[in-house]
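Protein sequences, first through last, are from chains A and B.
Heads up: the first sequence is residues 1 to 266, going by the numbering used here.
Heads up: the second sequence is residues 267 to 466, going by the numbering used here.
Please note: incorrect hints may appear among the correct ones.
Now the stretches of chain B that chain A is said to cover, found in silico as 3 or more residues with beta-carbon under 8 Å [to be verified]:
no.	stretch
1	297-311
2	331-341
3	445-459
Hints in this document: simulated from the structure, not taken from any laboratory.
Note that beta-carbon positions come from the ideal geometry of N, C-alpha and C, so glycine has one too.
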Amino acid sequence: MSAYVTKVALAAAALALMHAASAQPPASGDAPSASSSRDLHGMWEPTRFHVLTDAPLNAAGEALVQRNRAAMDSGRIMHTAWTSCRPGAISSMTMPRELIMIMQTPREVVILYEMPRMIRRIELDGTHPNDIEPSYVGHSVGRWEGDTLVVESIGFNGYGELDAHGKPTSTRLRTVERFTKSADGERLDIEITIDDPEYYTEPFTIHRSWRRAEARHQHEYDCMENPRQEDFANAYYVHDRYRPTCMRVQGEGMEPSRMVCRREEQ
Amino acid sequence: MPEPTPDELRTVDGKRPPLTDEAAAIYEERIALRKAGDTSFDRTTWCAGPGMPRILLMPYPFEIISSQDRVAFIHGWYRWFRVVDMAGDAEPDFFYPTTMGFSVGRWEGDTLVIRTVGLSDVTTLDAAGLPHSDEMVLTERLRLLPDGRLENRLTIEDPQFYTSAWEARVTFRRDPNARVGDDVCPDRIAMGEPAVEEWR
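Isolated chain A (complex conformation) (with noise of 0.2 Å):
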């Protein structure tokens, strides 16, 4: 169900095009990119965590909130695709955090979070395919408006929440994100647009900031199903999708617990 996934295609490795691109060190002089309001690389940190994000829900859109509140207020443990490893880039969006390095060649900005892990690529002065296969991330092409990097998604799979309260989302989203550094370079603003019908009365705009990080490197987050069998009795599953198909058994005695992954058939 992933989309471009290559199983028999062969991947690309620029080695050579790589070692002429990085062939000189940066002079001592020079300012780290800061100086370039069009270089948005480099290691960045959300200002703050958004727990929430405010929508304009319609009737549908509401409804399934209401449902996700109801199964937490009877004391089950809702999944969203987020909580299920498979986070889609939506939540990147709109509930950044931790350490997210951004990438940019005259091609495409690639941005890697470090958690959850995900891999968005914005190709640069890009056209959609007529033939997306829908997927988490969806497909990104990007402009400048100036020195505002203008990012437009569309190709989503419905499968991805907003936030803490499972918005939801269908594949008829489509989002716009403006990413404008600040004049001394140390902050990325970004305005996103988030426009979904299934769900929303109209689209709607959020703001979020990243500075820039000091760390060296990210760290890593290893998402893995990972539930104790005594989990299942509590957990609630936005989307069926979201149930996992590995659980931690118990051991007995002093046996240790072992991963027990049931197939489709079961």
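Start from chain A and add chain B according to the hints.
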């Protein structure tokens, strides 16, 4: 895309790596388990990370992206990536080990040399279950071969499990038209597919 590698990783001399007695016992047990259909020693079974170097041995493509003072490897298996700090020769600093470790790199002529430490001991070096400790030091030497393939010579230093440093070699074929996609392993295993495909 890696060229096919055996489930039991061999050194450049075609031999089994120089395991200590303890490590060899662990390896033999895992080989037997796997033959009996039990891969519970292999966390990739439930989509946990394969780590370095194993992700380079799996039949999934990757792309290399170079940008300013960093080189990133973007993998086609479950969104894994690693970023190599090219800004200097200092040892990476890390707080706790991770599956992909912490990497610094430099150019030596046409060869990209990457040094990685802080590799969590929960992964195996190959599909058959070669163990390693979190003290392992992994050195890679990547270069393009005259025929256009990419070669990675990996050196493993891990005295806890190996009696001496040893080297393995993996090669990769280039396909300029392919791009790495968003692979979501949990969806595949939910469909009854294996988390990691076998080499055909």
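Structure-based check of all given hints:
no. : hint    : result
1   : 297-311 : holds (count 3)
2   : 331-341 : holds (count 9)
3   : 445-459 : holds (count 13)
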